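The residues making up each chain are set out below.
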Amino acid sequence: MEINAFIIFIAAIFTSNILLTNFLGMCSFLSVSREVESSLGLGLAVFFVMTFTTAINFVVYHFILVPLNIIYLQYIIFIIVIAAFVQLTEMIIERFSPVLYYTLGIFLPLITVNCAILGVSLFLVIRDYNFLQSVLYGAGSGIGWFIAILALAGIRQKVKYNYVPAGLQGAGLSLIITGIMALAFIGFSGIVVIQ
Amino acid sequence: MIVVIVNTVLIVSGISGLLALLLVIADMLFANYGECKININGKKELNLKGGSSLLTLLNESGIYLASACGGRGSCGFCKCKITQGGGPLLPTEKPFLNKTEINNQIRLSCQVKVKEDISIEIPEDIFNIRKFKARVTDIKDLTYDIKELTLQLIKPDSIDFKPGQYIQLEAPPYEKSKQPVSRAYSISNAPFEKDFIQLIIRLVPDGLCTTYVFEYLQVNDIVNVTGPFGDFYIRDTQADMLFIAGGSGKAPIKSMLEYLVKNKSRRKMVYMFGAQTKKDLYYTALLEKYEKELLDFTYVPVLSKPTQECEWEGKCGYIPPYFPEYIKDPKNTEAYLCGSPGMIAAVIKGLKENGVPEDKIYYDSFA
Numbered sequence: 017m018e019i020n021a022f023i024i025f026i027a028a029i030f031t032s033n034i035l036l037t038n039f040l041g042m043c044s045f046l047s048v049s050r051e052v053e054s055s056l057g058l059g060l061a062v063f064f065v066m067t068f069t070t071a072i073n074f075v076v077y078h079f080i081l082v083p084l085n086i087i088y089l090q091y092i093i094f095i096i097v098i099a100a101f102v103q104l105t106e107m108i109i110e111r112f113s114p115v116l117y118y119t120l121g122i123f124l125p126l127i128t129v130n131c132a133i134l135g136v137s138l139f140l141v142i143r144d145y146n147f148l149q150s151v152l153y154g155a156g157s158g159i160g161w162f163i164a165i166l167a168l169a170g171i172r173q174k175v176k177y178n179y180v181p182a183g184l185q186g187a188g189l190s191l192i193i194t195g196i197m198a199l200a201f202i203g204f205s206g207i208v209v210i211q
Numbered sequence: 002m003i004v005v006i007v008n009t010v011l012i013v014s015g016i017s018g019l020l021a022l023l024l025v026i027a028d029m030l031f032a033n034y035g036e037c038k039i040n041i042n043g044k045k046e047l048n049l050k051g052g053s054s055l056l057t058l059l060n061e062s063g064i065y066l067a068s069a070c071g072g073r074g075s076c077g078f079c080k081c082k083i084t085q086g087g088g089p090l091l092p093t094e095k096p097f098l099n100k101t102e103i104n105n106q107i108r109l110s111c112q113v114k115v116k117e118d119i120s121i122e123i124p125e126d127i128f129n130i131r132k133f134k135a136r137v138t139d140i141k142d143l144t145y146d147i148k149e150l151t152l153q154l155i156k157p158d159s160i161d162f163k164p165g166q167y168i169q170l171e172a173p174p175y176e177k178s179k180q181p182v183s184r185a186y187s188i189s190n191a192p193f194e195k196d197f198i199q200l201i202i203r204l205v206p207d208g209l210c211t212t213y214v215f216e217y218l219q220v221n222d223i224v225n226v227t228g229p230f231g232d233f234y235i236r237d238t239q240a241d242m243l244f245i246a247g248g249s250g251k252a253p254i255k256s257m258l259e260y261l262v263k264n265k266s267r268r269k270m271v272y273m274f275g276a277q278t279k280k281d282l283y284y285t286a287l288l289e290k291y292e293k294e295l296l297d298f299t300y301v302p303v304l305s306k307p308t309q310e311c312e313w314e315g316k317c318g319y320i321p322p323y324f325p326e327y328i329k330d331p332k333n334t335e336a337y338l339c340g341s342p343g344m345i346a347a348v349i350k351g352l353k354e355n356g357v358p359e360d361k362i363y364y365d366s367f368a
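Protein sequences, first through last, are from chains E and U.
The first sequence runs contiguously to residue 211 in my numbering.
The second sequence runs contiguously to residue 368 in my numbering.
No lab work stands behind these hints: they were computed from the structure.
Accuracy of the hints is not assured; some may be wrong.
To spell it out: a stretch of chain E is covered by chain U in this simulated footprint if at least three of its residues, at any positions, have a beta carbon under 8 Å from a beta carbon of chain U; those stretches are [said to hold, decoys possible]:
no.	stretch
1	26-38
2	79-89
Within a straight-line C-alpha distance of at most 27 Å, the following computed DSS-like cross-link-like pairs (lysine-lysine) qualify [as the list claims (entries may be wrong)]:
no.	chain 1	residue 1	chain 2	residue 2
3	U	K141	U	K280
4	U	K293	U	K329
5	U	K279	U	K141
6	U	K195	U	K179
7	U	K293	U	K269
8	E	K176	U	K100
9	E	K176	U	K95
10	U	K195	U	K263
11	E	K174	U	K95
One side of the interface only, derived from the structure: several residues of chain E facing chain U at Cβ under 10 Å [stated by the list, open to error]:
no.	residue
12	E18
13	M107
14	R111
15	Y118
Keep in mind that this is a model prediction, so the values were computed, not measured.
Backbone N, C-alpha and C fix where the C-beta goes; we use that ideal spot for every residue, glycine too.
Modelling step: build the complete structure from the supplied sequences, incorporating the hints.
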């Protein structure tokens with residue numbers, strides 16, 4: 017598929033937002049979106065890990081899995097690669113940047129099991145992206161996820177001071193808000209579609 | 002088919018192994034913080050391998066900060082002041098600290114990882130806290146439900162404590178408890194007898210540690226004790242002293258009195274002891290001896306349930322009604338209380354009504 021890599025980048029942020037169109041990475045999205053501050057940290061961590069793991073998984077897929085003819089193992093291998101990368105990043109950040117560690121670090125272990133990260137790696141295989149496309153797709157999806165959680169956290173902080181009927185409190189209202197946000201993002205789909 | 006399975010297993014384990022190796026190497030390179038200096042109160046310096054929590058490193062060096070949860074960050078006991086190093090305050094610490102503590106650089110030592118040279122401040126008393134191995138040399142019945150336990154310290158072989166402080170006695174796992182349990186008991190002998198400690202233990206029905214002491218512990222057994230702890234000790238002033246105890250609460254006060262006898266104290270002292278019946282009284286001869294040895298000391302046992310024995314010529318009822326008789330100069334009286342929480346609360350109320358300043362009431366409540 018020969019789409020301009022930059023178009024993929026923009027599309028991944030807005031029209032094909034991994035969270036709001038594919039609804040991936042919901043659990044941490046719902047649980048860490050109570051405050052803007054913590055959602056900022058998680059969003060940054062997701063962006064960072066997503067960008068790098070797509071690049072690594074692209075290499076792993078095309079230079080290990082395909083030549084060895086073990087494409088069926090991609091799920092397991094991708095997950096292992098993501099887990100190892102997260103672990104490594106955590107160690108390096110903890111060592112060299114305490115400030116960054118305390119904004120990002122505590123969220124890193126959460127990301128290992130974030131399905132959006134695995135999803136992006138699997139999409140790049142299905143859609144047969146080249147390396148540049150893959151990396152920009154990963155980065156774009158990361159930014160998209162970041163924007164989505166930041167928006168939800170902002171809204172939830174406002175909601176906190178309002179009356180919410182008992183049956184809607186917590187996850188209920190958050191899911192409705194997410195749904196409306198998803199509708200709003202569909203408004204962008206006139207610009208470009210990549211899937 | 003078998004080939005495919007074997008291949009799959011080999012490849013997956015190969016890749017995981019490779020990544021694990023990478024992580025191990027990274028762990029050696031990045032998680033190695035080398036030697037870190039821990040400066041304590043600007044006096045003592047420890048050189049330790051960094052990377053672990055401050056609480057663990059201090060424990061390994063024989064400095065025991067209080068901790069009840071084992072460093073999981075759930076009890077909030079292991080607070081200490083960190084003046085330099087230690088990194089920013091973590092979200093895991095915030096729930097345990099109030100504003101004043103945060104401004105005073107107080108941190109939870111189990112959450113602070115030592116990654117650089119660090120300076121901390123801890124109360125001097127903590128240096129004194131040790132774990133002792135001790136041999137039981139005597140178990141004596143004081144009353145039908147109170148025993149006096151004598152422990153000869155083996156390693157370390159001497160203890161420094163203030164009269165009134167307590168230690169924690171550890172009961173090893175036995176029939177009724179699968180885990181070791183520790184309970185606090187006041188030291189009843191005087192602080193100049195450094196090579197042994199005596200405890201006064203009253204049987205608590207179904208109490209894990211007291212049952213062990215009453216039914217299982219034998220002379221010559223080896224036990225573990227940790228201490229000394231506590232800020233219940235004699236204030237060095239010239240004020241009148243009023244000691245009030247109930248049950249096994251005689252322990253810290255006996256230690257204080259022995260200390261005062263030894264130092265030939267000239268302070269005015271009254272010791273009021275609350276018990277139910279005559280059967281609950283003990284150390285009477287000893288206290289009468291102190292009455293002779295000390296310049297101005299009165300022992301007043303008060304029985305709350307003397308039954309027909311109220312032919313007993315002593316005081317009957319509860320302690321507080323007798324305060325006016327014994328507190329001559331309330332503004333200049335220090336009160337030292339040891340007993341059950343209920344008794345302490347009632348006595349504090351009575352003391353305040355009789356004009357004893359609240360900041361001169363010191364107590365040790367067995368919870």
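Q: Examine the stretch 26-38 of chain E: at least three residues should have C-beta closer than 8 Å to a C-beta of chain U.
A: With 0 residues closer than 8 Å to chain U, the stretch 26-38 of chain E misses the three-residue bar; violated.
**Q.** Outcome, coverage hint (the stretch 79-89 of chain E, chain U; C-beta under 8 Å; three residues)
**A.** Holds, because 4 residues of the stretch 79-89 of chain E bring their Cβ atoms closer than 8 Å to Cβ atoms of chain U.
Q. Was the hint right that M107/E lines chain U, CB cutoff 10 Å?
A. 5 Å, holds
**Q.** Holds or violated: K279/U to K141/U, with C-alpha atoms at most 27 Å apart
**A.** Holds, at roughly 19 Å.
Q: Please work out if K176/E and K95/U have their alpha carbons no farther apart than 27 Å.
A: 22 Å, holds
(Q) Need the status of pair K195/U, K179/U: alpha-carbon distance at most 27 Å? (A) 33 Å, violated
Q. Does the structure keep K176/E and K100/U at a Cα separation of 27 Å or less?
A. Answer holds: K176/E to K100/U is near 24 Å, not above 27 Å.
Q.
So, as I understand it, the hint says Y118/E touches chain U; can you test that by seeing if any CB pair is closer than 10 Å?
A. 6 Å, holds
Q: Verify the proposed pairing of K174/E with K95/U, using a straight-line Cα cut of 27 Å.
A: Since the Cα atoms of K174/E and K95/U sit roughly 24 Å apart, the hinted pair holds (cutoff 27 Å).
**Q.** Restraint check for K141/U with K280/U, where alpha carbons must lie at most 27 Å apart
**A.** The given pair, whose Cα atoms are some 16 Å apart, holds under the 27 Å limit.
**Q.** Interface restraint verdict for R111/E against chain U (beta-carbon cut-off 10 Å)
**A.** 4 Å, holds
(Q) So if I understand the rule, the pair passes when the alpha-carbon distance is 27 Å or less; does K293/U with K269/U pass? (A) 13 Å, holds
The earlier numbered hints that this structure contradicts are 1, 6, 12.
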